[in-house]
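S.K.: This is what each chain is made of:
Protein chains: 2
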Amino acid sequence: MIRRHPLAEQAAEELLRRIGSGEWQLGQKLPGETNLAAQLGVGRSTIREAVRELAGRRVLESRQGSGVFVIAYQAAEDWDQVLRKADITEVLEGRLAIETEAARLAATRRTPADLRTFRYTLADRKKASEKSPDDWYVEADLAFHRAVITAAHNALLTELFDTFVPRIRRAMLDMLKLDHVHRHRHDQAAHEAIADAIRDREPELAAARAREHLSAVRSIVS
Amino acid sequence: MIRRHPLAEQAAEELLRRIGSGEWQLGQKLPGETNLAAQLGVGRSTIREAVRELAGRRVLESRQGSGVFVIAYQAAEDWDQVLRKADITEVLEGRLAIETEAARLAATRRTPADLRTFRYTLADRKKASEKSPDDWYVEADLAFHRAVITAAHNALLTELFDTFVPRIRRAMLDMLKLDHVHRHRHDQAAHEAIADAIRDREPELAAARAREHLSAVRSIVS
DNA sequence: GAAACCAACTCCTCAGACAAGCTGAGAACT
DNA sequence: AGTTCTCAGCTTGTCTGAGGAGTTGGTTTC
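These protein sequence lines map, in sequence, to chains B and C.
Each residue of the first sequence is one higher than the one before, starting from 1 at the first, in my numbering.
Each residue of the second sequence is one higher than the one before, starting from 1 at the first, in my numbering.
It is possible that some hints are incorrect.
Claimed, not checked - Partial selection, computed: residues in chain B whose CB lies under 7 Å from chain C:
1. G56
2. R57
3. E101
Honestly, the hints are just simulated from the structure, not real lab data.
Every residue gets a Cβ at the ideal spot worked out from N, C-alpha and C, and that includes glycine.
Using the sequences provided together with the hints, build the complete structure.
M.R.: What follows is the structure, given as C-alpha cells:
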C-alpha cells in the first residue's frame, strides 16, 4: 500500500472521522496522547502533530495538564474550497447580490476619498483595457469593483467580496482567453456610469447599473 | 481568564507574521526545520508542530524531501470568528443583499415543492408568533427565510445564508427581549406577501418586498 | 548527449527524558 | 463539619538523538 499522506495527516483524518461519527461529544476530552498513539499504532509526536493540525482548523483544543478537547464537530466551512468547486454562474449571482447592494449603500455613504479612488482605478482600467496583458486588465477591473465595495463602508461586504476575488479572477482570465470582443467597447462606459451614479448620490440608479453590468457578465458565461 | 500560549502556537504566529510581511513569497520554500528552530530559539519538534498547525490552516504545505512551502499569504477567513465580532447592522446589510437577490431568483426558479415549503413554514411561523417562546418564534422565522433562499436554487447563496444564521439568531433573540411589540402585527403579512410574489413569478416585486422587510428590521436595531 | 548513479539535502517518524500544569483525594487546620 | 493545604499522578509541552524515506542536482558512465 502506497502512503500518499504522512502518518500525521492520516491520523488527523482518522480523528476527524471519529469526531464526526460522534465517538467524542462536543466539549469532551479525548484519550491521552500516549493512549491515542497506542490505539492508532503511531508514535506520540505523530499524534501531537495530528492534534496540532486539527487545532489549527479549530476542531480541537489542547490544554496543558488537562487534555485535548473537541471544540467543534466539523471544520468551519472552508470558503476557498467551496468557491473553488462552485459553479461560476452561482458565484456571479452571489457577487451580483453583494455588489448591487454595495453600490446602493455607496451612493449614500461615499466619501471624497472614495470618489478619488474611483477616478484612479477607472483611469487604470481604461489604460489596461487598451493593450495590457489579460492579467493586468483583470486586476484593474477588480480594483475598481473593490473600490465600489469599499465605498459602501461595510466591512462584512468587503470581506465577502475579497473571499470571492480569487475565484472571480480565474473565471475572468478563462473568459478572456475565449472571447476578446467584449473587453474594449461599452465596458468602460458601464463602469464609469456606476461611479457617476454613486458620485451623484443616486442609490437606485447605482444599484440598477451595477445589476445590469453584472447580469451582462453572467449572461456571457451561461 | 488568562491563557498562556504554548511555544508551538507562538512559533506559528511568528511564521504567519513573517509570511504576511513578505519575508517569503507565495510558493517559496521556507528554511529547513533545523534552521528555523535555531532562528526562533526552539526545538525542532516545536517548529514541526507550528508548521503542522499552519498546514491545517492551509497556509503552508510541507513536502517530504523537498521542503516547506507557502501556499497562501493569509489564513482563510474564519467566518465564524468574523461574524461573531461583526456589527449586527453590517450582518443585516449582508443578509439584505443576499436575500433580496434570492427572492428575485426564486420568483423565476421556484418549484411546486418550494411553494409547499412556503405554506408549511408560514403556517408554523403564524402559530409560533402567537404564544410560543422566543426561540421557537425565531426558528420558525428563520425556517421561512431559509425556504426563500432555497427556492433560489443557488447552493452558494444557501451556504452564505447558513453561515449567517447563528449570528442572526442571536441578534433576533436579543432584540425580542427588548421589544415585544413588532412581533405580531404586520410582520406575518409581510412574509406572506414575499411568498405570494414568488409564487406569482414577480421577481421585482419579490425583491422589493424582501428589501422592504429587511430594511425595516435593520432600522429597528440601528 | 542521455541515462545511471550518488551524495547531500529535505521532511517523517520514533523513543526517551524531563518540564510545566491540572485534578482530585486525603491530610491538616479552623 | 467545613475549609484550606499538600501532593501524587495524571495530562500536555518541549527537547534531543537516531534512523527512515523522498527529492534534487551534480557527477560519472556509456
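S.K.: Next step is simple, just say for each hint if it's right about the structure.
M.R.: How the hints compare with the structure:
1. G56: Cβ of B:G56 sits 3 Å from chain C, so the hint holds.
2. R57: holds (5 Å)
3. E101: Holds, about 3 Å.
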